[in-house]
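Chains as they are written, first to last, in UniProt numbering: chain A, 1 to 895; chain B, 1 to 895.
Simulated from the structure, these hints should not be mistaken for lab results.
Hints are supplied without guarantee of correctness; some may be wrong.
Since the list gives no way to pick one copy over another, a pair counts as held whenever it fits inside one copy or between any two copies.
Stated by the list, open to error - Straight line, CA to CA, 20 angstroms or less: simulated EDC-like cross-link-like pairs of lysine to aspartate or glutamate:
{"id": "1", "residue 1": "Lys348", "residue 2": "Asp402"}
{"id": "2", "residue 1": "Lys733", "residue 2": "Glu812"}
{"id": "3", "residue 1": "Lys321", "residue 2": "Asp156"}
{"id": "4", "residue 1": "Lys740", "residue 2": "Asp810"}
{"id": "5", "residue 1": "Lys733", "residue 2": "Asp58"}
{"id": "6", "residue 1": "Lys166", "residue 2": "Glu184"}
{"id": "7", "residue 1": "Lys81", "residue 2": "Asp16"}
{"id": "8", "residue 1": "Lys358", "residue 2": "Glu387"}
{"id": "9", "residue 1": "Lys745", "residue 2": "Glu346"}
{"id": "10", "residue 1": "Lys190", "residue 2": "Asp156"}
{"id": "11", "residue 1": "Lys740", "residue 2": "Asp58"}
From a predicted model like this one, the values you see are computed outputs, not experimental measurements.
Residue strings, one per chain:
There are 2 protein chains.
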Amino acid sequence: MANTKWVYDFGGGASDGDASMKNLLGGKGANLAEMASLGLPVPPGFTITTALCTAYYDLGRKYPEELDAQLETSLKTLEAKAGKEFGSATNPLLVSVRSGARASMPGMMDTVLNLGLNDTTAEGLAQLSGDRRFAYDSYRRFIQMYSNVVLNITHDVFEDILEDFKDLQGYELDTDMQAEDWQEVIVKYKAAVVTHNNGKPFPEDPKDQLWGAIGAVFGSWMNDRAIFYRKHNDIPASWGTAVNVQSMVFGNMGDTSATGVAFTRDPGTGENLFYGEYLINAQGEDVVAGIRTPAPISKARAAEMGSDDAPLEVTMPDVYKQLTDVADKLEKHYRDMQDIEFTVEEGKLYMLQTRNGKRTAQAALAMAVEMCKEGLITENEAVLRLEPAQLDQLLHPMIDQDAKAAATAEGRVFVKGLPASPGAAIGKIVFDSDEAADAAAKGEDVILIRIETSPEDIHGMHASKAIVTARGGMTSHAAVVARGMGRPCVCGAGSLRINKELGEVSVAGETLKRGDIVTVDGATGEVFKGRVAMIEPDLSGDFAHIMEWADKARTLSVRTNAETPADVEVAKNFGAEGIGLCRTEHMFFDADRIPVVRAMILASSEKGRKEALEKLLPMQRSDFEAIFRIMGDKPCNIRLLDPPLHEFMPHSDEEMADVAKGSGVSIEVLTHRASELHESNPMLGHRGCRLGVTYPEIYEMQARAIFEAAVNVAKETGVAPVPEVMIPLVATKAEVALMKARIVKMAEAVLPKSDIKIDYLVGTMIELPRAALRAADIAQEAEFFSFGTNDLTQTTLGISRDDAARFLGDYEKQGIYEKDPFVTLDIEGVGELVQMGTERGRSVKPDLKIGICGEHGGDPASIAFCHKLGMSYVSCSPYRVPVARLAAAHAALKA
Amino acid sequence: MANTKWVYDFGGGASDGDASMKNLLGGKGANLAEMASLGLPVPPGFTITTALCTAYYDLGRKYPEELDAQLETSLKTLEAKAGKEFGSATNPLLVSVRSGARASMPGMMDTVLNLGLNDTTAEGLAQLSGDRRFAYDSYRRFIQMYSNVVLNITHDVFEDILEDFKDLQGYELDTDMQAEDWQEVIVKYKAAVVTHNNGKPFPEDPKDQLWGAIGAVFGSWMNDRAIFYRKHNDIPASWGTAVNVQSMVFGNMGDTSATGVAFTRDPGTGENLFYGEYLINAQGEDVVAGIRTPAPISKARAAEMGSDDAPLEVTMPDVYKQLTDVADKLEKHYRDMQDIEFTVEEGKLYMLQTRNGKRTAQAALAMAVEMCKEGLITENEAVLRLEPAQLDQLLHPMIDQDAKAAATAEGRVFVKGLPASPGAAIGKIVFDSDEAADAAAKGEDVILIRIETSPEDIHGMHASKAIVTARGGMTSHAAVVARGMGRPCVCGAGSLRINKELGEVSVAGETLKRGDIVTVDGATGEVFKGRVAMIEPDLSGDFAHIMEWADKARTLSVRTNAETPADVEVAKNFGAEGIGLCRTEHMFFDADRIPVVRAMILASSEKGRKEALEKLLPMQRSDFEAIFRIMGDKPCNIRLLDPPLHEFMPHSDEEMADVAKGSGVSIEVLTHRASELHESNPMLGHRGCRLGVTYPEIYEMQARAIFEAAVNVAKETGVAPVPEVMIPLVATKAEVALMKARIVKMAEAVLPKSDIKIDYLVGTMIELPRAALRAADIAQEAEFFSFGTNDLTQTTLGISRDDAARFLGDYEKQGIYEKDPFVTLDIEGVGELVQMGTERGRSVKPDLKIGICGEHGGDPASIAFCHKLGMSYVSCSPYRVPVARLAAAHAALKA
């Protein structure tokens, strides 16, 4: 470690790093170095690496010894480049300290500006800038920000002091405050710090300030918000964050100064249009925080939005021209849409950040296709530009235009704000993030309405179907986070008056209450009272292009888990290449069937069971016929009955009575049978092929239904269906051998009735650890494997999914499992069994067809793992099929 | 396969095989060859190998082609040796066909005698023997036996014909039947065969008869009784059985002929005394079947038994002398006690079988020690002579002699029979094996009383605590099987009158009913009415010798699973070298503690929980003090709380009300909390270290109690206890790290209070598949592993032990699991995870202490596996400790 370089300089000529070093320098640090090397105007600074963050935590929140010396050196270099001196009374260097992880984590990490100010340097700054008010305003901002971020003193403390002071002076606005006023406030601020910081004064030494800020950045990597964000964005804690220390430039030095944020293309729609917002005489945080609503940058955009604020293009035409040139240069250089931050200090443009811009799925899609057509990127790159997880947004319903027109005509538009994140949603109004999370946990659809959002609202935003705010622009916290999450969002709907206590929101006298239904259209910024009909999304155009390119790139086949004809149809339209899991028990629950199923269960003899099964046979057969008809010559994997029989029994006393009446069986017999069937741990009980072992007639009926359906559909359509009969919950070769023999016997009895040859396979779920371990044995009998990773996760981790809620939250919070193992495959644990099962199965049958049909089959990270193992296919729910196709392409292209 | 030798000749000079070829020739075949080579009088014959049995099943119950030619050749050789011809009308060769597996399976396999008889050869035999009655009696016996064994026609069919015939003739006994009578009966027998064999006649061709009998032997390998016996004796189905075809000798050719069975030492007590029974003018089956009660062989034994029957030593002194010489020779040759079968044909002795004799545990122990002292075998061989599973019998109570004297004085002796298998038992009378099995399944202790037993009774005998029969001698089916199972047995209690229908048994007018309690003393042959007190067995003498030799031989350490001081004491006396699993939750259930435990669970805050835990602390501490005091400097592995909290909650409404009253909490709150705690699959729920993650204060209290107890006991005794703190249900390294940090903190707070240094370890159960897979990670934190193979079996196989009863029976019956995986480790599946966990754990810490604490820790086969893996110790219930010590020695000696 002694020779490790922990600090990298950038700007002012030489830069140690470049854009390729994102893992080490974080996104911001790497791009600052890269921009500086491109000759763009970047204030000089240095980056403390992400490796240091990791070392810091490995050492128990301590720094490696050699950091001190390296930091000193870089600070000297920075002073030389800036021509200023840190802590100087006459020519003070001020710096910003910002976090910068590998992946952008907006709003998650804390920032300190104006660091280096104290009573001496503030006076120096006042002299140097000739603007005392600016200098002391900056100083008090610094104390406030530093105290909040580093010393954990809430903003309220300082805001109260300021408000009291203004009241006393009879001031209305901050702009009424003069330099001397700020100086007085600063004295009060410092006194408050002593009170709230265990008697310790605000650090006067700029070096102490710097170390404090660095420590706060690293510390914030492990705060709850950061952990939550990482969890929902699949970012491992081990990546760490870098710290960027950069000499300050000031957007708040009067009307020739400004600060802003821009995107090289529209991040909401993907349109190739320079797009951004700015504030004159402001510091960067003001734009992002949404405290003042910023103005558009370009005339075109201002016109489009009907904004009255003067765009940058008008207020500072030269800077605007320079900025668009920089933007062009950056987009061509990075070959992707850029999200840039800039500051104008007394007419001079500085670039503070560039990064690949976050975008909605719709924008990602449009940009990828357009850039590909422009020749900027290849088809494969275009495919990689669309995150599979994001794609989900495009696959869900949007607002029906006719219904919307009608709703508008009916006067049901409640409010209109900024179209901050597209998509539409219907739900009940809530005003609080905890309330949103609680309601969502109960399965309710909610719309979160807030004045503005902050990082504390992340869980509430996640729980909501859409977010509406009264304040903040297109780059406000709410907008950025909502786009990242794929939630529709309407921002800056300024006419909203929210009274959280009363549970009311009103616009111009019209009031809605907590729990009222609204429909949000994130694509237009409108919020409607009541429900507005939605329609299926358009899957042609750009979507079809990307999917076509993805299909060319991928090697994994994609199937679907579906059993109803409606679902099978949807999945087929989404590109499913077969059925990976048809759960036959779902068909048993239909109202007209459950009595027959119960009659079977209540039968006291094999004969009685067979009579009931005789009645079920034509029903199951017609189910399978419908599926075969839709799927044609595509393989259909049908799993034989899996759940324990008690799942089909009535539960409440009332139901019991109904069933007793309907079935002619006494309540006593019914209750007795139900208690006989009761299990302590049904998940590990009498289910799956264990039913087939003890009640062979059930599986025989199902096999017969499958094969008879295949024969019928072959006759009817001239196309031979491809049934794959799957035996669940296998742990031994013997079980497969036993079940398979019966299935094959049934096939041999039925299939010869078809003129067209019908090929079928008999295979097994691999969903118990023992099955994975004994895969070589089992493959001697099984003709395919399908990894049932839901149950495999339950048994390997010893966690019942139904009961996990009680502790899995604590587990994720404490980092015991980085991701929910039921969403993303636990590759280290369950994954090893999947790998073992795959390798051992193929050691016996090199061409063994292997798929996955757990929830993980629709999860991009898990799909990548399946690809790596050389699986034949993944299978997922119908709406996830395009996600899986894209994820499979990503896996192939990244391999 | 074409060159495989399937048939091995023996006797009459040359033998192809010898005793070392037991695996191929079966025990009987190998020993017949060996005896012939030793120059003993063995009727010649040949053996069809066990390999053929396996080939037969592999080929789908078909023989390899080349068998036919090999059999022909051997038959020719046999004819030459015997000087007779198979199927000859004048000098017919008759043969016996018997099964002979690697391991002796008494009563399990079928035998056919007198094969080769038909109308022609029977007449030939009549001429040759000059005894028409003998010839036709033999013929009808053959038809009856062959029809039963090969053609599956019940004995009843033939017995009815015979009874009808005798009635018609006015005969009382079989001995009234003359040759002509038998001839008439034979005609009727053959007609009955046609009726009951689908119209097919009895085979006349001796070759057809031979093939039929061979097929029946191989077929019987897979009958239910054989499968059941194998299961309970750990014999794999793959071993197969051999078939022995041997020329007949006749013990039923008049009063100079006889047949008998003998043991070279007493198989019940181990006494070095020649011991056996015989019948004059009888065939071998008559002795074993228990139809006639045989006479003792020796004068000494006859005197001891007070038998009035003349012993062989008196009736045939020369034969007796020759027989004892043979017995001596065989025991010295085989260096073990022999179980021999012999026949005397017209004064000439023939040896039909020798094998190592089955014996009671007591006899095995006595013989092993005595033979070692005689210099016949070494200490290690002596150790190997005692089967660990058998040892169990010696560790359980026997009848108290004083109580017995009192019971006798009170006239409570119900009946006295033969002391066929030692040990004592108390239970309720049953008269039927199914009834016995049903009652045992309900946890009742039953005594099976039968006229005689047959292979159909095996399951009933297994389910009973003791067996009593009215008929049959010391080598009857009941006696042999009971000794093998370690069940006390009283045989041949001839005065018993059993009326199964009425559910009564009486002796001389005194009647007991089904369900009445009796006490059986298998060591004396007495059955007492009611209960007679029992005492602990003597663990000194021979037992102590063998254990001392075993301890020298073994490398595995043996600990115990115990938590009460009484159990810990018993285990220590049985030689436990530490505690492998102290289940702290058992201590929570005490009547004075459960209210406090419930108060903790019902507490709504951490504060409330801590208050309750404060009360539990001194209780737990005193538990641990007691254990440390007994165990001294031996390691004590203490598992922190494992079960889900709902296990401690009241269940019935009544209990609820009681608890509500006692705790001052309303029923509503109580019910709500109970339903909150309810889990779908508690086995996979909120338990083990998951409790420690969500309620750290529980584990902290337990750790504190452990360390404080250690400090107190160290002070009190001057000996430092060796606590090993075990974290249950771990799946990740993070869990161990989290828990360990808290435990270590507690240790650091408490242990310095001791003057004597107290060493402790913090380690983990490995009981989830993921823990085994990630053992290398986990070993970075854990200081020991203990494989919890109960839960590991549940999760790996996906079988809840509580629910398995519903299907595991079917599973074993169908051979899906050869043994109950909760009794003997599933080495192929669960075993691989254990091996993986061991290897991966040791890859990080080569000296990692590794043990096993599931039920398997007391199972000999599983212990052998643990030895092979190089584990540090096994841990089992107190009474299994000597079994484990012996099994560990076996494992080491066999390695």
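Which of the numbered hints above does this structure break? 1, 3 and 9
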